[in-house]
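J.: With chain A held as given, fit chain B onto it using these hints.
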Amino acid sequence: MSKLLYFAVLTSVVGILIILFISENKEISLLKIDEIDESYLDHYIRTRGTSGRVGLANKLTIFDLNDGINSIKVIAFDNSTLIQDGLELEVYGLIVSYKGELEIQAEEIKII
Amino acid sequence: MLTETLLTIIVGVAAGCFTGLVPGVHVNLIAVILLGLSAWLLKFTSPLLLSVFIISMAVTHSILDSIPSIFLGAPDSDQVLNVLPGHRLLTKGDGYGAVRLTLIGSLGGLIIAVALTYPLVLIIERIFPFLQKYIPYFLIFIIALIIIREKQKVWAIILFVMAGVLGLGVFGLHLKNPLLPLLSGLFGTSGLLLSIVNKINIPKQKFRKLKVKTIPLIKSIGSSVFAGGLVSLLPGVGSAQASIIASQVAGKIGDRGFLILVGGVNTVNFILSFVSFFALDKARNGAIVVISKLLETFTLQNFILFIGVSLLVGGLSVILALIFSRIFSKYIVKVNYSILCLSIIIFVVLLVFIFSSWLGLFVLLVSTALGIIPPLVNCGRNHLMGCLILPVILFFLL
Chain A
3 MSKLLYFAVL TSVVGILIIL FISENKEISL LKIDEIDESY LDHYIRTRGT
53 SGRVGLANKL TIFDLNDGIN SIKVIAFDNS TLIQDGLELE VYGLIVSYKG
103 ELEIQAEEIK II
Chain B
297 MLTETLLTII VGVAAGCFTG LVPGVHVNLI AVILLGLSAW LLKFTSPLLL
347 SVFIISMAVT HSILDSIPSI FLGAPDSDQV LNVLPGHRLL TKGDGYGAVR
397 LTLIGSLGGL IIAVALTYPL VLIIERIFPF LQKYIPYFLI FIIALIIIRE
447 KQKVWAIILF VMAGVLGLGV FGLHLKNPLL PLLSGLFGTS GLLLSIVNKI
497 NIPKQKFRKL KVKTIPLIKS IGSSVFAGGL VSLLPGVGSA QASIIASQVA
547 GKIGDRGFLI LVGGVNTVNF ILSFVSFFAL DKARNGAIVV ISKLLETFTL
597 QNFILFIGVS LLVGGLSVIL ALIFSRIFSK YIVKVNYSIL CLSIIIFVVL
647 LVFIFSSWLG LFVLLVSTAL GIIPPLVNCG RNHLMGCLIL PVILFFLL
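In the order they appear, the protein sequences are chains A and B.
Just remember that my numbering sits 2 ahead of the position in the first sequence, which is counted from 1.
Just remember that my numbering sits 296 ahead of the position in the second sequence, which is counted from 1.
Bear in mind the hints are in silico, worked out from the structure with no lab data behind them.
Predicted model, so just to flag it, every value in this text is computed and none were measured.
Treat the hints loosely; a few may be bogus.
In silico EDC-like links for lysine to aspartate or glutamate, alpha-carbon gap of 16 Å or less [claimed, not checked]:
{"id": "1", "chain 1": "A", "residue 1": "Lys75", "chain 2": "A", "residue 2": "Glu37"}
{"id": "2", "chain 1": "A", "residue 1": "Lys112", "chain 2": "A", "residue 2": "Asp66"}
{"id": "3", "chain 1": "A", "residue 1": "Lys101", "chain 2": "B", "residue 2": "Glu592"}
{"id": "4", "chain 1": "A", "residue 1": "Lys34", "chain 2": "A", "residue 2": "Asp66"}
{"id": "5", "chain 1": "A", "residue 1": "Lys112", "chain 2": "A", "residue 2": "Asp87"}
{"id": "6", "chain 1": "B", "residue 1": "Lys589", "chain 2": "A", "residue 2": "Glu103"}
{"id": "7", "chain 1": "B", "residue 1": "Lys589", "chain 2": "A", "residue 2": "Asp39"}
{"id": "8", "chain 1": "B", "residue 1": "Lys548", "chain 2": "B", "residue 2": "Glu446"}
{"id": "9", "chain 1": "B", "residue 1": "Lys589", "chain 2": "A", "residue 2": "Glu105"}
{"id": "10", "chain 1": "A", "residue 1": "Lys75", "chain 2": "A", "residue 2": "Glu110"}
{"id": "11", "chain 1": "A", "residue 1": "Lys112", "chain 2": "A", "residue 2": "Glu92"}
{"id": "12", "chain 1": "A", "residue 1": "Lys75", "chain 2": "A", "residue 2": "Glu103"}
Far from chain A, some chain B residues (derived; all Cβ distances over 12 Å) [to be verified]:
{"id": "13", "residue": "Phe314"}
{"id": "14", "residue": "Ala411"}
{"id": "15", "residue": "Ile419"}
{"id": "16", "residue": "Ile444"}
{"id": "17", "residue": "Arg445"}
{"id": "18", "residue": "Arg504"}
{"id": "19", "residue": "Lys505"}
{"id": "20", "residue": "Gly604"}
{"id": "21", "residue": "Leu608"}
{"id": "22", "residue": "Phe620"}
{"id": "23", "residue": "Tyr633"}
{"id": "24", "residue": "Leu646"}
Negatives, chain B to chain A, calculated, CB over 12 Å [said to hold, decoys possible]:
{"id": "25", "residue": "Thr301"}
{"id": "26", "residue": "Leu302"}
{"id": "27", "residue": "Leu412"}
{"id": "28", "residue": "Ile423"}
{"id": "29", "residue": "Lys509"}
{"id": "30", "residue": "Leu607"}
{"id": "31", "residue": "Ile615"}
{"id": "32", "residue": "Leu618"}
{"id": "33", "residue": "Lys630"}
{"id": "34", "residue": "Ile635"}
{"id": "35", "residue": "Ile642"}
{"id": "36", "residue": "Ile689"}
{"id": "37", "residue": "Phe692"}
The beta carbon of each residue, even a glycine, is placed where N, CA and C say it ideally should be.
Isolated chain A (complex conformation):
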């Protein structure tokens, strides 16, 4: 095995292990709702706000998350009755686009 190949394999393996370690322990920084734009499409984000217009459908909870100035729709694939209007929530999820509007497909919702 040439020295370059040995060095490349060693760097890759050690580097991948470090990246895995960091990704397991990294906190996603909190974004304000007005900071969420198209550049975050298909990315995970964390944001906070107050729930409003909560609607329950078959296996879905849909509500607006607003911070007093801006709002964004949140979709939770879970028919949870815990989410009601007026709750302070922290939402972690994937930014998607539906009918031209950005939405959060929630993976975690915490009541603050």
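T.: Chain B in isolation, oriented as in the chain A frame:
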């Protein structure tokens, strides 16, 4: 209105030349900036003209971005696979010919995608739910096929798995632009570094047409339409993954056929993303998302206008691409290639630092190290696409 539209198209094409020829600058980035400035811009123009500008820029970009990937070895995420055969042709003096092949793919794919627009609207509405269910199994099958066809099977599996784990780790870092350091390292800087180490010299370039037989040509363009369709429909499937799938479906098309295929995919994807948006109300790329925000409704008239603009811009861009590739071919032999490679590496490092900070630089280092391995063990670099394919498979399965 016609004069304004034509002027807007010209400005859009100029912007597309900038984004297409400068490595690391993507049309989605410009589109997002435009949306941010839209409130001010709409004092001087209309949402429709702004949308025409974005489409002109995006189509031009999709046609011209093969030039930096072939001549400079600096691809963006949609062109990573054409670096490999493109660079091979460049080192044989056929850089211009390589670009010309990608242009055949772009223009051919564009014309066929436009011609098939109406039937595609009907087909997409029907097959989309079915396709979503089976895509991970289809991807697994394709990966197995690619590995079986590789001479160095063990290394192919190792590289696929390492790249897949790297991809999973990088997406878990939640970087703002994870693809930039990941793909630049695997397919860009690694190749440039090896060119410096191996003291590659670019020979005098020939301005000749590289011929492709009719059947591989038809297969390649057809496959690019198929691959472009997959990208426009399925979340998580990018041009590079779709190109691999399409190349397996197409069979033996060689380096030249593969360049035609990769050249077509991105252009076709952009056209078909209008179709997806019109038929399914799903915006699958950043530029279309911005257009959907600018226009209150996406009517059939808008759809027809955008298709017409795409055809006009496609023709113009191919002419421009031929001119630019002649210029690149003429001047590439006059520069010291090692210094050029080093300059591009430094440029990519700066870009990664600006867009993805220190963590992005670390990812670039690791992905470069991994990207160096395949040529050293005589294995195909395409297995490194595991960095995107494995996360997509797991996304659909879990």
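J.: All hints are to be evaluated individually against the structure, with a verdict given for each.
T.: Structure-based check of all given hints:
With a C-alpha separation of about 14 Å, the suggested pair Lys75 of chain A and Glu37 of chain A falls inside the 16 Å cut-off, and the hint holds. Only pairs whose Cα atoms come within 16 Å are accepted, and Lys112 of chain A paired with Asp66 of chain A is accepted, the gap being roughly 15 Å. Straight-line distance between C-alpha atoms of Lys101 of chain A and Glu592 of chain B comes to about 10 Å, which keeps the hinted pair within the 16 Å bound. Simply put, Lys34 of chain A and Asp66 of chain A have alpha-carbon atoms about 14 Å apart, close enough for the 16 Å limit, and the pair holds.
At most 16 Å may separate the alpha-carbon atoms for a hinted pair to count; Lys112 of chain A and Asp87 of chain A meet this at roughly 14 Å. Only pairs whose Cα atoms come within 16 Å are accepted, and Lys589 of chain B paired with Glu103 of chain A is accepted, the gap being roughly 7 Å. With a C-alpha separation of about 11 Å, the suggested pairing of Lys589 of chain B with Asp39 of chain A holds against the 16 Å cut-off. Using a Cα cut-off of 16 Å, the hinted pair Lys548 of chain B and Glu446 of chain B holds, with the two alpha carbons roughly 14 Å apart.
The hinted pair formed by Lys589 of chain B and Glu105 of chain A meets the criterion: a straight-line CA distance of about 13 Å does not exceed 16 Å. Between Lys75 of chain A and Glu110 of chain A the alpha-carbon distance is near 15 Å, which keeps this suggested pair within the 16 Å criterion. Taking the CA atoms of Lys112 of chain A and Glu92 of chain A, the gap is about 5 Å. The hint holds against a cut of 16 Å. Among the hinted pairs, Lys75 of chain A with Glu103 of chain A is consistent with the structure: their alpha-carbon atoms are about 9 Å apart, no more than 16 Å.
The Cβ of Phe314 of chain B sits about 19 Å from the closest Cβ of chain A, beyond the 12 Å cut-off, so the non-interface label holds. Distance check for Ala411 of chain B against chain A: the nearest CB is about 27 Å away, which clears 12 Å, and the non-interface claim stands. Once the 12 Å rule is applied to beta carbons, Ile419 of chain B is consistent with being away from chain A; the minimum gap is 22 Å. Distance check on Ile444 of chain B: its Cβ is at least 24 Å (rounded) from any Cβ of chain A, clearing the 12 Å threshold; non-interface status holds.
No beta-carbon of chain A is positioned within 12 Å of the beta-carbon of Arg445 of chain B; the least distance is around 23 Å. Residue-level check passed: Arg504 of chain B sits 35 Å from the nearest beta carbon of chain A, beyond 12 Å. For Lys505 of chain B, the non-interface assignment is confirmed: its Cβ lies about 37 Å from the closest Cβ of chain A, beyond the 12 Å cut-off. At roughly 22 Å from the closest C-beta of chain A, the C-beta of Gly604 of chain B stays outside 12 Å, upholding its exclusion from the interface.
Annotated as non-interface, Leu608 of chain B keeps its C-beta farther than 12 Å from every C-beta of chain A; the closest such distance is 25 Å. Residue placement check: Phe620 of chain B keeps its beta carbon more than 12 Å from all beta carbons of chain A (closest about 28 Å). With a closest Cβ-Cβ approach of about 19 Å to chain A, Tyr633 of chain B is found to remain outside the 12 Å limit, as its non-interface label requires. At the 12 Å boundary, the C-beta of Leu646 of chain B stays outside the reach of chain A, the nearest C-beta of that chain being 19 Å off.
With a least CB separation of 23 Å from chain A, Thr301 of chain B remains clear of the 12 Å interface cut-off, as annotated. Taking the minimum C-beta to C-beta distance to chain A, about 27 Å, the non-interface status of Leu302 of chain B holds against the 12 Å cut. Once the 12 Å rule is applied to beta carbons, Leu412 of chain B is consistent with being away from chain A; the minimum gap is 25 Å. Against the 12 Å criterion, Ile423 of chain B stays outside the reach of chain A, whose nearest CB is about 20 Å from its own CB.
The beta carbon of Lys509 of chain B is kept farther than 12 Å from every beta carbon of chain A, the shortest such distance being approximately 38 Å. Every beta carbon of chain A lies more than 12 Å from that of Leu607 of chain B, the smallest distance being close to 25 Å; the non-interface claim holds. With a least CB separation of 31 Å from chain A, Ile615 of chain B remains clear of the 12 Å interface cut-off, as annotated. Residue placement check: Leu618 of chain B keeps its beta carbon more than 12 Å from all beta carbons of chain A (closest about 33 Å).
Consistency note on Lys630 of chain B: stated as away from chain A, and its beta-carbon is indeed over 12 Å from all of that chain's, at 29 Å minimum. Taking the minimum C-beta to C-beta distance to chain A, about 21 Å, the non-interface status of Ile635 of chain B holds against the 12 Å cut. Distance check on Ile642 of chain B: its Cβ is at least 20 Å (rounded) from any Cβ of chain A, clearing the 12 Å threshold; non-interface status holds. Residue-level check passed: Ile689 of chain B sits 16 Å from the nearest beta carbon of chain A, beyond 12 Å.
Non-interface call for Phe692 of chain B relative to chain A: holds, since the shortest CB-CB distance, roughly 14 Å, exceeds 12 Å.
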